[in-house]
Each structure stands twice: as C-alpha cells, then as structure tokens.
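Student: Sequence:
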Amino acid sequence: MPIRASIFLFCLVRITMAQLLAQEEKEKTTALKDLLSRIDLDELMKKDEPPLNFPETLDGFELAFNEHGQLRHIHTGEPFVFNYKEDLHRWNQKRYEALGEIITKYVYELLENDCNLKKEILPEGYGVIVLNPNENSLEVEKVPDSAKKPSPDASDEPAEKRERKEERENKKKKDFYEKYRNPQKEREMEHIPIRENSTPEEHTLYVWDHFISKSLAKNIFIVAHSYGGLSFVNLMIQREAEVKNRIRAVAMTDSVHNVWHQEANKSIRDWLREHCCNWVSSPEPLDTLVDPMLNDCPRVSAGTEKHELTSWKSFHSIFKFFRDALKNHEDESSSSPVTTRSSHRIKNEDL
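Under mature numbering (1 follows the signal peptide of the UniProt record, and there is no 0), read the sequence shown as residues -18 to -1, 1 to 333, first letter to last.
Some clues are possibly wrong.
[Said to hold, decoys possible] The calculated lysine-lysine pairs, modelled on BS3-like cross-linking and capped at a C-alpha distance of 25 Å, are:
hint, residue 1, residue 2
1, 196, 309
2, 196, 100
3, 200, 309
4, 76, 87
5, 288, 309
6, 196, 101
7, 200, 101
8, 100, 87
9, 124, 101
10, 288, 248
11, 143, 8
12, 10, 143
13, 248, 226
14, 100, 200
15, 196, 226
16, 302, 200
17, 147, 124
18, 295, 309
[What the hints assert, rightly or not] So the derived label-pair ranges between C-beta atoms look like this:
hint, residue 1, residue 2, range
19, 91, 180, 25 to 31 Å
20, 34, 256, 52 to 58 Å
21, 98, 68, 42 to 48 Å
22, 96, 238, 18 to 24 Å
23, 44, 313, 51 to 57 Å
Since the hints were derived computationally from the structure, they do not count as laboratory data. Note that beta-carbon positions come from the ideal geometry of N, C-alpha and C, so glycine has one too.
Work out the full structure: start from the sequences and follow the hints.
Tutor: Structure representation (structure tokens):
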C-alpha cells in the first residue's frame, strides 16, 4: 500500500507540474503577444537604416549617360549597382526607385528637346504622337480594412470570436514583419483603371478617335512594337475605313499580333499584306526576308536577336519603307484620272 500511494502521489505531482508548465507557457505566450502588440515593427526595422534622402539629379548620384546611351558612374565608369549597401534591401530598393524617377524625367527631356516632341496630358491634342499604351492605371496605396471599420469593444465579444480575432491580428503582425524580408510586399497597392484607356487596345482607339483622326495630316505612318502590333490590328478592326483612308504604311517590330485570333476580315488581311512590314528578331542580316509563320504581312530581319532592339536596329530601313510607300501613293494619285463633267459627256458620246 505505501508503494501504491507513493506512485499515486508521484503521478499526481507530475500531472500538477504539467498543468503548471502549460499554464506558465500560456502566460508567456499571452505576454509575448501583448509585447508584440506594443512594438512598432516599422520603427524597429528602420532603426539601423540610413535616412531615405536621395539626390534629385544624376550628378547627385554621380551617374551620367555616355555616348552609347549607357548609364555609368562618372568616376569609375562602372554600371549602376543595386546593392549599394549590403543587407539593406529596402533602402537599396528606395534608392533605385528614386533614380528611376530621375531617369524618367531625363527621357522626357530628350523626347522634348532632341526630338522636338511636345508632352501633353490626355485629353489634349498632338501633332506628332508617341502613344503610351502600357500605362493603363494609376497605382495607389490600398486603404486597410481596419482604417475603414472601427473595431467593436472586445469586452462585448464572445470568447471564441475574440480568439479568432487574435489569430487574425497575429497573422497581420506576421505579414507586417514579412514585408521587410521582401520589400516588394511593403505596401498593398491597388490599380485604378484610367477611363477609356484601361487596356493598350482601348488607349490606341482613344488616341485615334480624339487626336489622330482629327489631325490635319494627310499621310500617316505607324511604327508598332511588340503588343503595339496587336493594338493596331484591333484598331483596324474597329475603324477599318478610316485607317485605310489615312494611313499609308505600317512598320511593325517583333509584333505579336495574330489576324486570325483577332478575327480580322479578308479585306484587312489583304491591306496588311500590301501596306505593312514586320521587322522581326532574327540572326539574319537586316532586311533579309524571313519565312512568315502566318501569311499576314511580309516579315524581314531586324538585324538583331534582341526583341527590345528591333525598332532601333531597323530604324533606317523603316523610314525608307515609309518614303517608298508615300511615293507609291503619290504616283497612284497622280496617275488616277480626274472625273469631270466634260469627261462624262465625252464618255457618253462615245457610248
């Protein structure tokens, strides 16, 4: 009996100790949750981070574009380095974004000063137009749900509901911490579509209706790169008669259009074969005829295998193509007989 009592007492002590340990662990977890709820993780992660103050000019970054259009350090000649500070990915990302804003302004200045283009904000008019079909929405920071709806008094909530709420709050804290491990998740953003310009096709159609079709230009030429070719074919489908009447030639560069998938009719396909040429990425020399995958328009080599360089490499060939197309149009116009009242009379008399 004494032995059994000892065993029972020992088991009782073990059970009691396990309960105490579990209770102590729960209290520690609760205390840790409370501590985390009062810690500003945003400030904690920024503690050892340098200020987000970056230069506002290329000179400030000690960078400049050389004669080849390459961005290089003005002292060392080295390319731009993303990891300027080790183990500070967020700071490096912010520095990269600040430089991107400067380069964007620099490119606009080149277009305005060197190319004599005029920057206009839609919906104002153009003389010479550079479309921007990739900008279809405005990116804004999404307002958190917590900022929209005030949380009810926790004391009035059932215990089960409070536990679920704690789990959600803990997940939010974890996600909040994770965003610093991956700076791309720093802020939750939402995209607001631009009215009547929410897709490249919509943008192309909008610019045609509001600017190009209203211009005084009698001879219009199009350069359509990549998805721009698809957008142009869509424009033809929507405005076939207008396009045929105003556009003299279309130069595509590595276009991704497909007249069959886009359901272009036969008259559009025939027009493209006669007035369009596609300079595609190819190892062949510039202007070498390339076997067409689809019989929609002639395909020639752009003289490069890099998709992004096809427009630049075929620049001179494209403008020769435009000059030839204009000459052919003028020759056809001058050789066409002009119908007059007298010519009708002669014709009727002959009949």
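Student: What hints, given by number in increasing order, does this structure fail?
Tutor: Structure breaks hints 5, 9, 10, 22.
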